[in-house]
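Asker: Here is how the chains run, residue by residue.
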Amino acid sequence: MSPLDIFLTSLGMAVITLLCRAFFMLPEQDLPMPQWLREGLRYAPIAALAAVVAPELVLTQGHLVDTWRDARIFGALAGLAFYAWKQSLFGTIVCGTGVMLALRFGAGW
Amino acid sequence: MPLPSRFARLRAQALEISRRPAFREGAREGVPMAIGIAAWGLVAGVAMAKSGMGVALAIFMSVLVYAGSAQIAVLPLIASGAPMWVVWATTLCVSLRFVAFSFHYRPYFAHLPRRRRLALSFLMGDSNFALFIHRFPQFVAGDRHQDYFLGCALVTFGVWQLAIITGIVAGTGIPTSWGVGFAGTMALLALTCTQLRSASTWVAAVVAACAAVAAYALPMKLNIVVAIAAAVAFGVLANRARPDGAKVNK
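Chains F and S, in that order, are what the protein sequence lines are.
1 is the number of the first residue of the first sequence in our numbering; add one for each residue after it.
1 is the number of the first residue of the second sequence in our numbering; add one for each residue after it.
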């Protein structure tokens, strides 16, 4: 892509992300929405978060990990365990990353 | 009004807002996430530097788009010269979760002027959404929603932009093989945990995670759309299956 193309692409991306973020915030009246969709949408945010995280943990180059000796999975499990224990965001990040790094550089996984 | 006095007024207003207790609370609760956001921003910045689009355009895109996962998702497309509409469609798929966020934010902010709502929308992100809903599960009139949101969102915005611009400028000087980006994934994992309120949210998260992995080969990050659709469908069916008295109606 030429610099001009990248410039225009960025502008378009900015408009698209802002419209998504403002979709239900902008209208003056509540948008008509069937009750069943309202119920379903309660699960959309957690689904989106899980959908972004899961592939990062169990896929390598688009393929499912084929060994249990994967530092990321144990890092994530350690992070989950820490959250279950303390409900601390900071602790979860530090504990999960620490275990992953220890396994990768300590055990060579 | 002359420009200098307008600036002075804005500055006084900003100072006043930053002293409000709810703003401070939001900022304080945003700080623990900063380590994950900084790590993720750094990795995104390095990826943008490596894509070869140049420092100026990379910073332009980061400040204007302010959506890390969308930016990372489109880099290989831009590098390979994909058509513009494919880049935009990918951006849309990755950003659809923001539509769900805005649906949940609406009751808290619907009374504000439209320009204010647009400005708040720009600052919307995964981190401040999860923290906000965790802090205010239900709309209660009189709560300082806007101050809390601003405190949390501005800390996130500042940390993110600082990190991604550092990554763009330092570029290949930062080795990504260290697994810095994993801290960002752990941050998202921690945010996911804050949203696990009930048994049905657990199931929705597992359904979405499996769907996102199974559909990963789809182009344009459609796997995220598939995952959200699967979890929403599950939510609808689960609510149908409940006895009438136990239905969730909000």
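These are computed hints drawn from the structure, not numbers from a lab.
We treat Cβ as the ideally placed atom computed from N, Cα and C, and that holds for glycine.
Any given hint could turn out to be false.
What the hints assert, rightly or not - A short, non-exhaustive set of chain S residues, derived as facing chain F with CB atoms under 7 Å:
(1) L15
(2) I17
(3) V55
(4) I78
(5) M84
(6) V86
(7) R97
(8) L191
(9) A212
(10) A214
(11) G235
Asker: Confirm or reject each hint.
Answerer: Hint check results:
Below 7 Å, beta-carbon pairs count as interface contacts, and S/L15 has none with chain F, the closest being about 26 Å; its hint is therefore violated. For S/I17, the suggested interface contact is broken, since its CB lies about 20 Å from the closest CB of chain F, more than 7 Å. About 12 Å separates the beta-carbon of S/V55 from the nearest beta-carbon of chain F, more than 7 Å, and the hint is not met. Among the interface hints, the one on S/I78 holds; its C-beta lies about 5 Å from the nearest C-beta in chain F, closer than the 7 Å criterion.
At about 5 Å, the closest approach between the beta carbon of S/M84 and any beta carbon in chain F falls short of 7 Å, and the interface hint on this residue holds. Among the interface hints, the one on S/V86 is violated; its C-beta lies about 10 Å from the nearest C-beta in chain F, farther than the 7 Å criterion. A distance limit of 7 Å between C-beta atoms decides the matter here; for S/R97 the minimum to chain F is near 3 Å, and the interface restraint holds. Given hint, S/L191 at the interface with chain F, holds; its Cβ is 6 Å from that chain's nearest Cβ, closer than 7 Å.
Here the hint on S/A212 is kept, as its CB sits about 4 Å from the closest CB of chain F, short of 7 Å. Checking S/A214 against chain F by beta carbon gives a least distance of about 10 Å; that is not within 7 Å, so the hint is violated. Given hint, S/G235 at the interface with chain F, holds; its Cβ is 4 Å from that chain's nearest Cβ, closer than 7 Å.
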